[in-house]
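Dock chain to chain to rebuild the complex, using the hints, since each chain is given by itself in its own frame.
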Amino acid sequence: MKTKLTLLLGLAVLTALLSGCTTVQPWERATLADPKMRPDRDPLHSAMFEHIYFSCEAATGGRGVGGSGCGCN
Amino acid sequence: MSYTTKLIQGLILGLVLALSAAGQVKPGQPFPALAGHALEGTLPDFAGQVVLVDFWATWCAPCKASFPAYTELQREFAPRGFILLAVSVDKTAGPYEEFLQRFKPAFSTVRDSAQKLISEVRVPAMPTSYLLDRHGIVRSVHSGYHGESTVKALREEIARLLEEKS
Numbered sequence: 001m002k003t004k005l006t007l008l009l010g011l012a013v014l015t016a017l018l019s020g021c022t023t024v025q026p027w028e029r030a031t032l033a034d035p036k037m038r039p040d041r042d043p044l045h046s047a048m049f050e051h052i053y054f055s056c057e058a059a060t061g062g063r064g065v066g067g068s069g070c071g072c073n
Numbered sequence: 001m002s003y004t005t006k007l008i009q010g011l012i013l014g015l016v017l018a019l020s021a022a023g024q025v026k027p028g029q030p031f032p033a034l035a036g037h038a039l040e041g042t043l044p045d046f047a048g049q050v051v052l053v054d055f056w057a058t059w060c061a062p063c064k065a066s067f068p069a070y071t072e073l074q075r076e077f078a079p080r081g082f083i084l085l086a087v088s089v090d091k092t093a094g095p096y097e098e099f100l101q102r103f104k105p106a107f108s109t110v111r112d113s114a115q116k117l118i119s120e121v122r123v124p125a126m127p128t129s130y131l132l133d134r135h136g137i138v139r140s141v142h143s144g145y146h147g148e149s150t151v152k153a154l155r156e157e158i159a160r161l162l163e164e165k166s
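Just so you know, the sequences run in chain order A and B. Numbering of the first sequence is given in the numbering used here, commencing with residue 1 and proceeding in unit increments. Numbering of the second sequence is given in the numbering used here, commencing with residue 1 and proceeding in unit increments.
Below, simulated PhoX-like cross-link-like pairs (lysine-lysine); rule was C-alpha separation at most 20 Å, straight line:
{"hint": "1", "chain 1": "A", "residue 1": "K36", "chain 2": "B", "residue 2": "K91"}
{"hint": "2", "chain 1": "B", "residue 1": "K26", "chain 2": "B", "residue 2": "K116"}
{"hint": "3", "chain 1": "A", "residue 1": "K4", "chain 2": "B", "residue 2": "K6"}
What the hints contain is simulated information worked out from the structure, not anything from laboratory work.
Isolated chain B (complex conformation) (with noise of 0.2 Å):
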């Protein structure tokens, strides 16, 4: 095998392997420190909660229709220690607080106005959101919103995060 064949073999194993390996974040993963993405807004205190990290936009209709079923999760289990997290990803102010002052969601919300977290878990669809356990582990990631179906997931996996022993 000649030295420019070897080269090109070569060549083409690093791309392929550099592909894959900006894989996307999956259930059994850390997810991300949220620290040192430049997110704006306030981040809450995520020590020992059971956490769901929500990417959404104001560009995305599905994202918007799931604000009032996560304001009843937020609700409902909040007092047991849940913390819903919406991260836009919107890159302009102006539509983002729009609709925050039109709906005023009862969870957190903060801006990824440069795009950096969502760069690095690489999410699947628009809306994604990750279930994390009380360590920041990843166990479920829902991608999209569908929903009762999506929401009703989301309760038994969240009421049996909350059940397990920190």
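The shape of chain A in the complex, shown without the other chains (with noise of 0.2 Å):
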């Protein structure tokens, strides 16, 4: 029984540390780091975003304003 579990045991760490999970070393993000990488990086395409989101939430304003609205923009 305790072979079993020892074994069980073993597996699982071995499954853990053999797994697709990597690190990034911070040398290595460049690209991470690249404006591309930000969601917010286009001005248009954040407007047209915000305008759809207002919309389909009937909140005027969308994200960065308080208050509600009618929905009819």
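This is the structure:
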């Protein structure tokens, strides 16, 4: 029983260690630091997205403004 | 204990040991020899000098923010035997050369385009600077650039190391 438990535990640890997860090292983050990675990099896209969002939610002003509205935009 | 169990335990132990051995360069350890890492650029003569090795990149905003202060440190301490070496880890030459042309640093810069040196040093963050004494031993590690507090600590440490007998 004890041997089986050790075996199972060992397999679980090995699976975790050999899985696809990896750490991006600090010096490998050039791509992640690129402005293109920002979701709000394009003001026009952001404005359109916000318009769709607050139209769907019937909340005038979208995310950035308090209050609500009729949604008739 | 069965053979399979022993084998798995051995494998786990080996993995853990291998992962822990891949450690970072810490104070008290000799800094890796800079030659042999295919660094692009001219390395200054470090013999008997106090050296600050700074790892930076053009995509790292705090790294670039540190340059004016590091220029001041170089100007202040160079006559007493201090060298500042900025090692860029940019893989492409374009942004690196463009930044250097614009900023024109007063200290030496090289490029670790293959990222061999930094992979050996394993910096904990960008930027990280290593202050080496006259024998090439790491005396302090500064992770990140925190403006005046980093500069103040570096200034004190450099002055102290320069006063040490070689």
